[in-house]
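Add 43 to the 1-based position in the sequence shown for this note's numbering, that's all there is to it.
If you're looking for bench data, these hints aren't it; they were derived computationally from the structure. The structure displayed is predicted, hence computed values, not measured ones. Don't be surprised by glycine CBs; every beta carbon is placed ideally from N, CA and C. Careful: at least some of the hints might be erroneous.
[As the list claims (entries may be wrong)] Derived pair list, reagent style DSS-like, types lysine-lysine, alpha-carbon separation capped at 25 Å: (1) K155 / K209; (2) K464 / K415; (3) K522 / K490; (4) K462 / K415.
[Claimed, not checked] What follows is a list of derived Cβ distance ranges for each label pair: (5) E114 / E156: 37 to 43 Å; (6) P101 / K459: 42 to 48 Å; (7) N405 / Q195: 16 to 22 Å; (8) R222 / Q195: 22 to 28 Å; (9) I110 / R222: 27 to 33 Å; (10) E433 / G525: 25 to 31 Å; (11) E55 / K519: 55 to 61 Å.
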Amino acid sequence: MSREKILIIDDEESIRQLCTAVLTAEDYQVRSASNGIEGLKMVGYESFDLILTDIMMPGMGGLQFIISIREIDAEIPIVVITGHGTVETAIESLRLGVQGFLMKPFTIKEFKESVHDAFIKSRLMKENTRLRALMPLFETAKMLMSQMDLDQLLSTIVDTAIRGTKADRGSLMLIDEKRGELRIAASSGLPPELIASSREKIGEGIAGWVAEKGSPLIIGDGSGLDHNLLESMRDGGISSALCVPLIIKEKVIGVLNLSKTRSEEQFTHSDQEMLSVLCGQAAIAIENARLYMRLEDSYLSTIIALSAAVEARDSYTVGHMHHISEYSVDIARELGLGSEEISDIRIAGLLHDLGKIGIPDNILLKPEKLNKTEYDIMKSHPTVGVKIIESIESLKSSSLIIESHQEQYDGKGYPKGLKGKDIPLGARIVAVADAFDAMTTTRPYRKAMSCKEAFEEIKRYSGTQFDPEVVRCFTKVLKDRGLIAEE
Numbered sequence: 044m045s046r047e048k049i050l051i052i053d054d055e056e057s058i059r060q061l062c063t064a065v066l067t068a069e070d071y072q073v074r075s076a077s078n079g080i081e082g083l084k085m086v087g088y089e090s091f092d093l094i095l096t097d098i099m100m101p102g103m104g105g106l107q108f109i110i111s112i113r114e115i116d117a118e119i120p121i122v123v124i125t126g127h128g129t130v131e132t133a134i135e136s137l138r139l140g141v142q143g144f145l146m147k148p149f150t151i152k153e154f155k156e157s158v159h160d161a162f163i164k165s166r167l168m169k170e171n172t173r174l175r176a177l178m179p180l181f182e183t184a185k186m187l188m189s190q191m192d193l194d195q196l197l198s199t200i201v202d203t204a205i206r207g208t209k210a211d212r213g214s215l216m217l218i219d220e221k222r223g224e225l226r227i228a229a230s231s232g233l234p235p236e237l238i239a240s241s242r243e244k245i246g247e248g249i250a251g252w253v254a255e256k257g258s259p260l261i262i263g264d265g266s267g268l269d270h271n272l273l274e275s276m277r278d279g280g281i282s283s284a285l286c287v288p289l290i291i292k293e294k295v296i297g298v299l300n301l302s303k304t305r306s307e308e309q310f311t312h313s314d315q316e317m318l319s320v321l322c323g324q325a326a327i328a329i330e331n332a333r334l335y336m337r338l339e340d341s342y343l344s345t346i347i348a349l350s351a352a353v354e355a356r357d358s359y360t361v362g363h364m365h366h367i368s369e370y371s372v373d374i375a376r377e378l379g380l381g382s383e384e385i386s387d388i389r390i391a392g393l394l395h396d397l398g399k400i401g402i403p404d405n406i407l408l409k410p411e412k413l414n415k416t417e418y419d420i421m422k423s424h425p426t427v428g429v430k431i432i433e434s435i436e437s438l439k440s441s442s443l444i445i446e447s448h449q450e451q452y453d454g455k456g457y458p459k460g461l462k463g464k465d466i467p468l469g470a471r472i473v474a475v476a477d478a479f480d481a482m483t484t485t486r487p488y489r490k491a492m493s494c495k496e497a498f499e500e501i502k503r504y505s506g507t508q509f510d511p512e513v514v515r516c517f518t519k520v521l522k523d524r525g526l527i528a529e530e
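Required output: the full structure, derived from the provided sequences and hints.
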């Protein structure tokens, strides 16, 4: 049986030996090179399933190697392993499409997980490509594979299955591995109380039996079922049922259940075959969405770390991004915004100054007033921040807030000179929180204002620089926090 082949590129022999020993023990084929030039030569005459590369190496460093290898193979998974990680290195690596970024020193467990995650994503991408090529049989798979929102994906799978089989109701249950039971993750036509109480142990009930056996089950009149399963059907008013496992890599991750309650028409073997194809695609799509979410979480963690690094450049602004985020969330709640909007605003508060990573220290940390040229450079930071995160789908809404947080209510802000309600609400909120925290923080060129003094300044510019409604809600937030006195 063929094994995945991995190329390790590192100028430290001890690291190459350690990685080789760990991966060989995991039954991978391993090759190694001491720098990028040697690594490129090896890629020229051997094919690899994964490349692990250091950054700082003689001859050709890791980033130049990645740029060169991407011209040869745009899809091969790459994991960067380095002891010289910087903010710039992390950003460039992400832009070049690496699958992982592991800092030295690392544990064996962390190393194995990085390799494992890179292979999982690579395998799923290859499988997705193969399935999309099998048209028109897998036409539905195209829709599923493009859906990265897990909740929406699960609902789409259930709805598609119900339409395709003319079922009356359906549910998709996923396995909770810690509890060893199935739980409903999406449904249609089921009463809320049933959804809330539905739990099935593996091996128990109809769905539990399907999960344990890993085989589909089509049920007509209930004949052939044991007493407990027959009672389950009768209690649910089910005349016919069809349950199909969702399997990926020979592992059951869930069960799709369909039932007919208003018709004497039974599910057929054709329904079972169709649903089996759908479930095959659904399992891959679900795992793909989960990996995407993990990747997005990883990207977000990296970006937040980069934002913190920007903040750390200036000792006077330590804690600023967390303060802005907290104030902004409190204002958003006072305005009655929904959980998704509040989440976008919370992230925007954390990342609003991310673009300052591109501002030179002599400008960012200058204690005197900036001249026009310097100020123009400083004004670029919202746009730079958006460019850094523009490829992250889950941050699209937050990026609009980040881009506009320096806009002013009277249209005299930047970068676009937006006015009034044309400015995203989240940006109007962050603008107030940002100004207040800046005024109450000591800077090299001035002492911090008191909360009362800063609040008076906010009120003074309400209707010109700031949205009056946001200022009104911020007033309530400050009073609730005890930062200003009740009038």
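* **Restraint check for K155 with K209, where alpha carbons must lie at most 25 Å apart** => Violated - the C-alpha atoms of K209 and K155 are around 46 Å apart, more than 25 Å.
* Going straight from one Cα to the other, do K462 and K415 come out at no more than 25 Å? -> Answer holds: K462 to K415 is near 23 Å, not above 25 Å.
* C-beta pair E433, G525: status relative to the range 25 to 31 Å that was hinted -> Cβ of E433 to Cβ of G525: about 40 Å, so the range 25 to 31 Å is violated.
* Could you check the hint for me, namely that I110 and R222 are 27 to 33 Å apart, CB to CB? => Roughly 47 Å apart at Cβ, these two residues miss the hinted range, so it is violated.
* To do: Evaluate the given range 55 to 61 Å for the C-beta pair formed by E55 and K519.
  => 58 Å, holds
* To do: Quickly compare the C-alpha distance for K522 and K490 to 25 Å and report which way the hint goes.
  => Cα-Cα ~23 Å, so holds.
* Whether the CB-CB distance between R222 and Q195 falls inside 22 to 28 Å -> Holds, at about 25 Å.
* To do: Hint says 16 to 22 Å; check whether the CB-CB distance for N405 and Q195 agrees.
  => This hint is violated: roughly 47 Å between Cβ atoms.
* Asked: Is 42 to 48 Å a correct range for the gap between the Cβ atoms of P101 and K459?
  -> 47 Å, holds
* Does the Cβ-Cβ separation between E114 and E156 fall within 37 to 43 Å? -> 29 Å, violated
* **Proposed proximity, K415 with K464 (alpha carbon, max 25 Å)** => With Cα atoms ~29 Å apart, K464 and K415 exceed 25 Å; violated.
Figure legend: structure checked against the earlier numbered hints; hints not met, in rising order: 1, 2, 5, 7, 9, 10.
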